[in-house]
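S.K.: Quick note, the sequences are listed as chains A and B, same order.
For the first sequence, this note's numbering begins at 1 and goes up steadily by one.
For the second sequence, this note's numbering begins at 1001 and goes up steadily by one.
Read the hints as simulated data drawn from the structure, not as lab findings.
For glycine and all other residues, C-beta sits at the position ideal for the given N, C-alpha and C.
A portion of the hints provided could be inaccurate.
[Stated by the list, open to error] If you want the footprint, here are the derived chain A segments under chain B, 3+ residues with CB under 8 angstroms:
1) 21 to 29
2) 39 to 46
3) 76 to 90
4) 103 to 113
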Amino acid sequence: MRFIQYTQPSAGVPAAKTAWQPRVDVIDADDQYVLEVDLPGVDPKGVEVELDQGLLVIKGEKEASHGDEAAYTYRERRAGKFERSFRVPEAVDADGITAKFDKGVLEIRVPKVERSRRIPIQ
Amino acid sequence: MSLIKHSPRGMTPWFGFDRLFEDFDRPFGVAPFGNKGAWAPAVDIYEDDKAITLKVEVPDMDEKDLDVRVEEGHLTIRGERKFENEEKKENFHRIERRYGSFERTFALPDTVDADQVSAKYDKGVLKVVAPKVERPKNARTIKVN
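Working from the sequences, and respecting the hints, build out all of it.
M.R.: Shown next, in the form of structure tokens:
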């Protein structure tokens, strides 16, 4: 068993004033890109997913575990505003993007569009 | 938290000394005691008059994959976040999320009722509540002669 070293009195980071970044997995599947964003404890209503000029932006706000700062005896979870941006390849179907939330994970699916299309010869 | 606590378990001649150092190591009464495994999920601990509450970030899991137990004054939370995906691993452009087994142990002060600890999983967060017990005051003043 390993013991945690207490080098700082707070032993944790208070909610940052700047946006924090959630951890994301990005999968390049055959017909779509899939982004899996860890957002445990985040209310889906407070999350925005936006594609603007090739930039996919995920942002929102996460509520702290407790409203009273003085109530904490230990703190590691990030709270407050968060944001991540990803440059999206050109050939995606912006209108076909879907997002769903389950068990603290936001899953975004970005369908690809075929760059070349075979033209049937009539 | 009071510095003077009656503890039958700690009744060694230097028990007062031990407690002092313990309190020095754990200035907040409840603090992480140790971690094992591939990663350590983030934890918040807060306290009010009624209970000590822990919130642990374990997204994308099922209740059955989480194990919460109280043993000898310690609360242990174990689990495994499996890397399960229908996509082939080589298709991952970026893997930032943490996977694998984890174990975190916390020392519970004797002000909580170990038999009444409850746990609930919601939206990727495990919430463990350890209610406090009402105890008669054991501390007494020793008269100095």
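S.K.: So which hints don't hold here, by number, going up?
M.R.: none
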